[in-house]
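There are 2 protein chains.
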Amino acid sequence: MKKETILLGHGSGGRMSQELIRDMFMKHFGGEVLTAETDAALLDLPPGMTVFTTDSYVVSPLFFPGGDIGHLAVCGTVNDLSVSGGRPLALSASFILEEGLSLEELERVVSSMADTAREAGVAIVTGDTKVVEHGSCDKLFINTAGIGVLDPRYRGISHARDVQAGDRIIVNGFLGDHGVAVLAARQHLDISGEIVSDAAPLNKMIGRVLEEKVPVRFMRDPTRGGLATLLCDLAERTSLGIDLPESALPVRPEVKNICEVFGFDPLYLANEGKVVMVVPAEEADRTVALLRQDPRGRKACIIGTITHDHPGKVVMETEIGGRRIVDMLAGEQLPRIC
Amino acid sequence: MKKETILLGHGSGGRMSQELIRDMFMKHFGGEVLTAETDAALLDLPPGMTVFTTDSYVVSPLFFPGGDIGHLAVCGTVNDLSVSGGRPLALSASFILEEGLSLEELERVVSSMADTAREAGVAIVTGDTKVVEHGSCDKLFINTAGIGVLDPRYRGISHARDVQAGDRIIVNGFLGDHGVAVLAARQHLDISGEIVSDAAPLNKMIGRVLEEKVPVRFMRDPTRGGLATLLCDLAERTSLGIDLPESALPVRPEVKNICEVFGFDPLYLANEGKVVMVVPAEEADRTVALLRQDPRGRKACIIGTITHDHPGKVVMETEIGGRRIVDMLAGEQLPRIC
Chain A
259 MKKETILLGH GSGGRMSQEL IRDMFMKHFG GEVLTAETDA ALLDLPPGMT VFTTDSYVVS
319 PLFFPGGDIG HLAVCGTVND LSVSGGRPLA LSASFILEEG LSLEELERVV SSMADTAREA
379 GVAIVTGDTK VVEHGSCDKL FINTAGIGVL DPRYRGISHA RDVQAGDRII VNGFLGDHGV
439 AVLAARQHLD ISGEIVSDAA PLNKMIGRVL EEKVPVRFMR DPTRGGLATL LCDLAERTSL
499 GIDLPESALP VRPEVKNICE VFGFDPLYLA NEGKVVMVVP AEEADRTVAL LRQDPRGRKA
559 CIIGTITHDH PGKVVMETEI GGRRIVDMLA GEQLPRIC
Chain B
259 MKKETILLGH GSGGRMSQEL IRDMFMKHFG GEVLTAETDA ALLDLPPGMT VFTTDSYVVS
319 PLFFPGGDIG HLAVCGTVND LSVSGGRPLA LSASFILEEG LSLEELERVV SSMADTAREA
379 GVAIVTGDTK VVEHGSCDKL FINTAGIGVL DPRYRGISHA RDVQAGDRII VNGFLGDHGV
439 AVLAARQHLD ISGEIVSDAA PLNKMIGRVL EEKVPVRFMR DPTRGGLATL LCDLAERTSL
499 GIDLPESALP VRPEVKNICE VFGFDPLYLA NEGKVVMVVP AEEADRTVAL LRQDPRGRKA
559 CIIGTITHDH PGKVVMETEI GGRRIVDMLA GEQLPRIC
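Protein chains in written order, with my numbering: chain A, 259 to 596; chain B, 259 to 596.
It should be emphasised that the hints constitute simulated quantities derived from the structure, not laboratory data. Accuracy of the hints is not assured; some may be wrong.
A pair holds if it fits inside one copy or across any two, identical chains being indistinguishable in the list.
[Unchecked claim] No farther apart than 20 Å at their CA atoms in a straight line, the calculated lysine to aspartate or glutamate pairs in the EDC-like style are these:
hint : residue 1 : residue 2
1    : LYS557    : GLU452
2    : LYS571    : GLU277
3    : LYS397    : GLU356
4    : LYS285    : GLU363
5    : LYS571    : ASP585
6    : LYS557    : GLU504
7    : LYS571    : GLU295
8    : LYS397    : ASP302
9    : LYS285    : GLU262
10   : LYS462    : GLU356
11   : LYS397    : GLU357
12   : LYS471    : ASP543
All chains, full assembly: derive it from the sequences and hints.
As structure tokens, then:
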């Protein structure tokens with residue numbers, strides 16, 4: 259079916275929908291649970307509280323250095339479950355397709371989702387496909403919802419209230435790679451060899467830290483809005499301050515350069531393979547060491563401290579010795595980043 | 259915020275996203291579980307196997323006689339869980355918004371979702387919002403995923419293999435109302451007073467039948483592709499035949515008329531408040547009586563029989579005494595119906 263394209267009939271619920279399900283979705287996602295014979299998946303979840311989340315993905319372009327919309331749609335939802343304190347188990351996958359989308363492009367995306375789900379150890383167990391007329395959507399949007407169970411090694415669902423003054427803030431590597439990779443693909447910049455999206459499922463890396471009984475106080479992934487928005491939100495919710503020495507922020511020189519050219523701030527760029535962990539000060543070095551044992555955490559480092567000073571505010575000590583109040587993203591820096 | 263519209267910044271993940279979540283989604287969906295403070299919902303599900311499903315909704319126009327995209331997005335997923343044998347408990351709601359969509363329209367949809375969820379007794383517990391540039395989607399798409407537990411009063415997940423020759427096929431009322439209501443709204447036909455969408459959550463009506471220990475063999479909702487597609491699929495999967503007397507099919511005269519004008523067949527029109535139940539012959543009358551006790555089932559009736567004759571085929575005895583082989587929907591009759 260390589261040269262064919264999506265037709266309205268593929269979304270009819272009739273014969274063509276059945277063929278698409280069989281030749282595309284069952285082919286790549288089919289497993290123990292996913293079957294074309296029932297409209298819902300039946301799951302035998304392990305005991306424990308259930309964690310449930312969802313995200314829609316509208317990234318443009320569909321393919322970018324280091325990933326594609328399908329890879330992103332699996333990573334994003336796996337990571338939302340993981341940073342919330344869940345162990346991801348099963349995903350749904352729902353597609354909105356534009357009439358005229360090539361089946362070859364769709365299959366690349368679907369195959370990438372299947373690969374990423376395998377890597378993360380989750381199953382894609384149920385799904386849906388809608389088709390809209392040419393011009394009514396931009397090629398392909400994906401929604402994934404995810405189910406997991408609360409990881410018994412974690413303290414419950416990740417919540418800002420558990421954060422304390424003195425805690426250290428850790429991130430597992432370079433900031434802004436995803437944002438710059440998508441920007442480069444969109445603008446046809448020739449940097450594809452240098453910077454690739456960090457999009458990756460983080461559940462195994464996070465599991466490694468929890469397995470070693472690090473008493474993680476808080477986790478979240480700095481996706482849309484970037485690190486700055488995540489930390490501003492955390493400072494506001496805890497009524498504690500955050501100190502962020504600029505010299506400690508891991509940003510690639512190439513990312514800094516691109517940001518200067520486009521007037522972006524890497525603090526606000528989206529990441530899709532990063533987790534911010536807040537841990538007690540005395541656990542910080544051990545946490546960094548554990549993260550560095552994972553390929554997704556080789557460049558993990560401590561980037562800041564929770565403080566009683568300047569409550570509700572994130573203050574960056576700049577490299578030239580000044581102080582900058584970091585605010586939440588206002589407006590939009592780079593739309594359709596995920 | 260009535261006169262304002264959606265801006266790209268509402269999808270940034272930053273300050274404007276937070277305001278939209280607070281002033282729109284938390285306002286209408288906020289409850290015990292949904293909170294802006296965590297990225298995933300934590301659910302304490304009752305014991306039993308978990309049922310999980312998803313659908314994206316792209317219906318055009320957004321508002322139609324008897325419903326809107328939000329009402330549909332809740333009904334559709336509640337019903338998918340219910341007809342699969344699940345008791346619906348929690349939904350996710352994910353929005354793809356076009357830049358320029360009026361906040362007033364969005365709020366009508368969101369408020370309608372909240373009302374429908376309340377009616378069905380399910381909670382909207384987690385969500386997401388993305389914004390795309392003007393022209394990159396058609397106003398508003400919604401995805402809902404749903405979680406339930408297997409209803410202990412049912413035999414497991416609804417599956418064609420449980421159907422037997424001699425079983426009766428029941429539907430809870432008139433066919434094609436949803437399809438015609440959406441068609442009328444799209445074509446600006448002046449029939450809005452006569453035919454309204456049947457979109458409705460069916461979990462309580464189905465629960466009533468299960469509560470009375472009717473040994474239902476199979477359930478499914480005849481949405482996209484209509485009754486014909488559902489029954490063809492059932493005949494193929496069971497390798498049994500289906501007899502469908504045309505005289506028994508409940509179709510409003512107004513729907514028949516519109517179908518004649520537009521060249522549609524009501525057998526293929528979408529329904530969003532109907533369930534097809536297959537039950538043992540000796541249980542058929544009791545099932546109809548139970549369905550009729552519910553406002554959603556007042557016009558319930560037996561529409562056909564499972565047979566060993568013509569295996570894999572649906573045969574309609576027409577009102578003029580002929581026989582017509584009913585096939586699955588080929589191509590597309592009416593796109594963007596849900």
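These are the hints, each one checked on the structure:
Only within a single protomer do LYS557 and GLU452 lie at most 20 Å apart by alpha-carbon distance; the minimum there is 17 Å, versus 66 Å between protomers. In this assembly of identical chains, the alpha carbons of LYS571 and GLU277 lie at most 20 Å apart only when taken from different copies (19 Å versus 55 Å within one copy). In the homo-oligomer, the alpha carbons of LYS397 and GLU356 lie at most 20 Å apart both inside one protomer (5 Å) and across protomers (15 Å), since each shortest distance falls under that limit. Proximity of LYS285 and GLU363 under a CA criterion of 20 Å is satisfied intra-copy only: 15 Å inside one chain copy versus 39 Å between copies.
For the homomeric pair LYS571 and ASP585, the shortest alpha-carbon distance inside one copy (8 Å) is at most 20 Å, but the shortest distance between copies (65 Å) is not. Taking the shortest Cα distances, LYS557 and GLU504 sit within 20 Å of each other inside one copy (16 Å), while across copies they are farther apart (69 Å). For the homomeric pair LYS571 and GLU295, the shortest alpha-carbon distance between copies (17 Å) is at most 20 Å, but the shortest distance inside one copy (53 Å) is not. Taking the shortest Cα distances, LYS397 and ASP302 never come within 20 Å of each other, neither inside one copy (35 Å) nor across copies (38 Å).
For the identical chains of this complex, LYS285 and GLU262 are intra-copy neighbours only, at 17 Å inside a copy versus 45 Å across copies, given an alpha-carbon limit of 20 Å. With identical chains, the CA atoms of LYS462 and GLU356 are never at most 20 Å apart, being 35 Å at best within one copy and 36 Å at best between copies. Within a single copy, LYS397 and GLU357 get their C-alpha atoms as close as 8 Å, and across copies as close as 17 Å, so both meet the 20 Å cut-off. Only within a single protomer do LYS471 and ASP543 lie at most 20 Å apart by alpha-carbon distance; the minimum there is 14 Å, versus 60 Å between protomers.
Checked against the numbered hints above, the structure breaks hints 8 and 10 and satisfies the rest.
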